[in-house]
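Asks: If you want the building blocks of each chain, they are given just below.
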Amino acid sequence: MSITTSTTEQLADEFDSPARLLTAEGVRVRHEILDEHVADLDLQQLADLYTDMVLVRRFDTEAFSLTRQGELALWPPLLGQEAAQVGSARALEDRDWSFGSYREHALPILRGVDIDRWLKVWKTTSNTAWDPHEHNIGLNQIIIGAQTLHAVGYAMGAQFKQDDSCSIAYFGDGATTEGDVSEAMVFASTYNAPVVFFCQNNGYAISEPTSVQAKHVLARRASGFDIPAYRVDGNDILAVLAATRLAMHRARTGHGPSFIEAVTYRMGPHTTTDDPSRYRENDEVESWKERDPLLRVERFLESEGFNVEQLRADAKTNADALAKQLRAGAIAIQPDPAEQMFDNVYSSPHARIERQRAEYKAFAASYEKAAS
Amino acid sequence: MSAAQTETMAMGKAINAALADSLEEDPSIILSGEDIGQLGGVFRVTDGLQDRFGKDRVLDSPLAESAIVGTAVGMTYAGLRPVVEIQFDGFIYPAFDQIVAQVAKLQYRTGGLHRMPITIRVPFGGHIGSVEHHSESPEAYFAHTAGLRVVTASSSQEAYSTLRAAIKSDDPVLFFEPKAKYWSKGEVDRTVVRDLETAAVLQSGRDVTLATYGPTVELAMGAAAAAADEGIEIEVIDLRSISPLDVDTVAASVRRTGRLVVAHESQAECGIGSELITSICETAFTSLEAAPERVTGYDIPYPPAAWEGEFLPGVDRLLDAVDRTLGRKNSRDFMRGGAAA
Ligand SMILES: Cc1ncc(C[n+]2csc(CCOP(=O)(O)OP(=O)(O)O)c2C)c(N)n1
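Respectively, the protein sequence lines represent chains A and B.
With this note's numbering as the guide, the letters of the first sequence map in order to residues 1 to 372.
With this note's numbering as the guide, the letters of the second sequence map in order to residues 1 to 341.
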């Protein structure tokens, strides 16, 4: 069974309204450019994407409440951005590399990183969320925009080695103003690098609305670098999937970089330490609830006669299990011996570090001695 | 001074007051930084300033540190005195080029025909249990660069008065704010004037000089109190200015004590302690009765915060170094095999 389409919508490249395949009401609409990129998707596959989103949302809300309960140090929630993250993640091949920011929780979940290890980062007992080479995901970045250069560099390397893998850079609306991001686009364009710039415009960079970063439409920036841009409804998983598939296809077939602006909304605070009431109205948040990325898939599937109740129940069972694992894992984390802080500063023993390690150990030993 | 002149303020509030008083006094002052307006800064240090002084004087800037500093340079040509905020220590590096290659050098390049009255505020230091890039102490990079003044503060009063002086200065000043102390309260007398070059002896003592700055000053006072219980007198110096260092004040102290310990959170190698100890060796060598000691963050990237208690100087590490200068039993005895037993 393939997904049926009804009316036609405005073209994406006009940028007036983001391209959409599924309205907030759950109506499948036509799109000249995007349709063919999801033509193969049947209802079950859409239901699977829904299950992914439920899983990711549950993970995120559980981590958020664990942080509020003091079990983790900090959490940047992705609530509201599930379609943008899952839709783009599912457009990638396993061999494709991703370089994202602190808020990108979906791809690591979908690629099966070891959660207990990952959470150590948010409990501040480790910096190593996962093995980049095992999952083809660069460690999430806190330095805004830095990873976009890494994504381009990976793509240049893949091109050089002719190994058919591509990369995707995830970044926010705020990040678009960092010099690194502009420079990344220059390099991508100059070297025709097989990379996708995936910008989640979630409305805010901490307290600053997107209007501080750009007077008009973020997607328009790309044209100055000769990079084609697509602006999609980031809460529409079909549109996100289609646009990312399109962009990855361009990259893989030698057509170089693309830019996607996924228009979405950060439903939660910037992080667990933020207080959004200082800079945005609750009405605004409420107005986005109707545009929820999960709700519209449910509505559409329902209208197609899919057993949504069963789907919801199954997805929940799945997600609850992950949340349980997450909670147990987070609570169990204990700091490793502090002497490990001297490890891996260099690839081989380093005189100064080793001297300090010895001094540290002597200090710790003398301290224990004094305390006992 | 009458008691009525002092107010009790947390350090963050004292900085807010210094910014407000400066904005009030001098219409050429303009503030720029990420989230400093509507939000009042991620630490609320600039709370209320945009409401009070307007959006054209308190700018919520786009997210680009190089541009925040680079446009501040341009503003000085327009006759303004920009005070910019870098949100966290670890985010100053995109602006490094503008600070080091432009801000630091333009007075020299113009032969003094153009002045560079820029203040760059940087919350710095650890002990806040945060994730990567939020706890660094990058001051030595800037102290290494000619043309920049680098100062810090250890109390509400110092923060107020030093920031006021920094903003008034025609030189570019990096003002490192010990973020872990933003909520520590202290008395502030707004009439107290500070310069940007002198250290302060906070407590006198005859046995060992302990020189430090910013967030480590409180620990030094704690160490001095603990040492006093054992009959050891520590002279505590708050360096206040990191560049230039007030070598005279420290040397005068070392001539009395014969011993020097320098402490800071930033790493040892090519650090402020290295510079100070070298300067003391050059000026007061014959007064030294023991090798000077450094207590610093180790020479590793800032570690995951669960280990920051071990990584950063603490009272015990300070006292251990004091013991070394006094030839008392100390942790290094544990390194020479057997002594631990
Ligand atoms: C270079 C740098 N400057 C400042 C910060 C502080 N900071 C952390 S997140 C953030 C906002 C980022 O907004 P955006 O790129 O839109 O991503 P979002 O948080 O909305 O996902 C800022 C300013 C940082 N992490 N790195």
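There's no promise every hint is true.
Heads up, simulated DSBU-like pairs for lysine-lysine below, C-alpha to C-alpha not over 35 Å straight-line [stated by the list, open to error]: (1) Lys55(B) x Lys185(B); (2) Lys168(B) x Lys185(B); (3) Lys55(B) x Lys369(A); (4) Lys289(A) x Lys105(B); (5) Lys185(B) x Lys215(A); (6) Lys55(B) x Lys361(A); (7) Lys215(A) x Lys289(A).
Far from chain A, some chain B residues (derived; all Cβ distances over 12 Å) [claimed, not checked]: (8) Asp35; (9) Ile36; (10) Gln38; (11) Gly40; (12) Leu59; (13) Leu80; (14) Pro244; (15) Val247; (16) Cys281; (17) Glu308; (18) Glu310; (19) Asp320.
By construction, these hints were calculated from the structure, which means they are not laboratory data.
Using N, Cα and C, we set each Cβ at its ideal position, and we do this for glycine too.
Asks: A separate judgement is required for each hint: does it hold in the structure or not?
Replies: Each hint, compared with the structure:
1. Proposed proximity of Lys55(B) and Lys185(B) is supported: the alpha carbons are some 29 Å apart, at most 35 Å.
2. Simply put, Lys168(B) and Lys185(B) have alpha-carbon atoms about 25 Å apart, close enough for the 35 Å limit, and the pair holds.
3. Of the pairs offered as hints, the one joining Lys55(B) and Lys369(A) is violated, with about 59 Å between alpha carbons and a cut-off of 35 Å exceeded.
4. At most 35 Å may separate the alpha-carbon atoms for a hinted pair to count; Lys289(A) and Lys105(B) exceed this at roughly 52 Å.
5. This hinted pair does not check out: Lys185(B) and Lys215(A) have alpha carbons roughly 42 Å apart, beyond 35 Å.
6. Under the criterion of a C-alpha separation no larger than 35 Å, the hint pairing Lys55(B) with Lys361(A) is inconsistent with the structure, at around 53 Å.
7. Simply put, Lys215(A) and Lys289(A) have alpha-carbon atoms about 25 Å apart, close enough for the 35 Å limit, and the pair holds.
8. Not every CB of chain A is more than 12 Å from the CB of Asp35(B) (nearest about 5 Å), against its label as outside the interface.
9. The claim that Ile36(B) is not at the interface with chain A is violated, since a C-beta of that chain comes within 12 Å of its own (minimum 9 Å).
10. At the 12 Å boundary, the C-beta of Gln38(B) falls inside the reach of chain A, the nearest C-beta of that chain being 5 Å off.
11. Distance check for Gly40(B) against chain A: the nearest CB is about 7 Å away, which does not clear 12 Å, and the non-interface claim fails.
12. A beta-carbon of chain A comes within 12 Å of the beta-carbon of Leu59(B); the shortest separation is about 9 Å.
13. Distance check on Leu80(B): its Cβ is at least 20 Å (rounded) from any Cβ of chain A, clearing the 12 Å threshold; non-interface status holds.
14. Every C-beta of chain A lies more than 12 Å from that of Pro244(B), the closest at about 27 Å, which supports listing it as non-interface.
15. The beta carbon of Val247(B) is kept farther than 12 Å from every beta carbon of chain A, the shortest such distance being approximately 26 Å.
16. With a least beta-carbon separation of about 20 Å from chain A, Cys281(B) lies farther than 12 Å from that chain, consistent with its non-interface assignment.
17. With a minimum CB-CB distance of about 8 Å to chain A, Glu308(B) fails to clear the 12 Å threshold, and the non-interface call is violated.
18. Not every C-beta of chain A lies more than 12 Å from that of Glu310(B), the closest at about 4 Å, which undercuts listing it as non-interface.
19. Chain A draws Asp320(B) into its interface by the beta-carbon criterion, the shortest separation being 6 Å against a cut-off of 12 Å.
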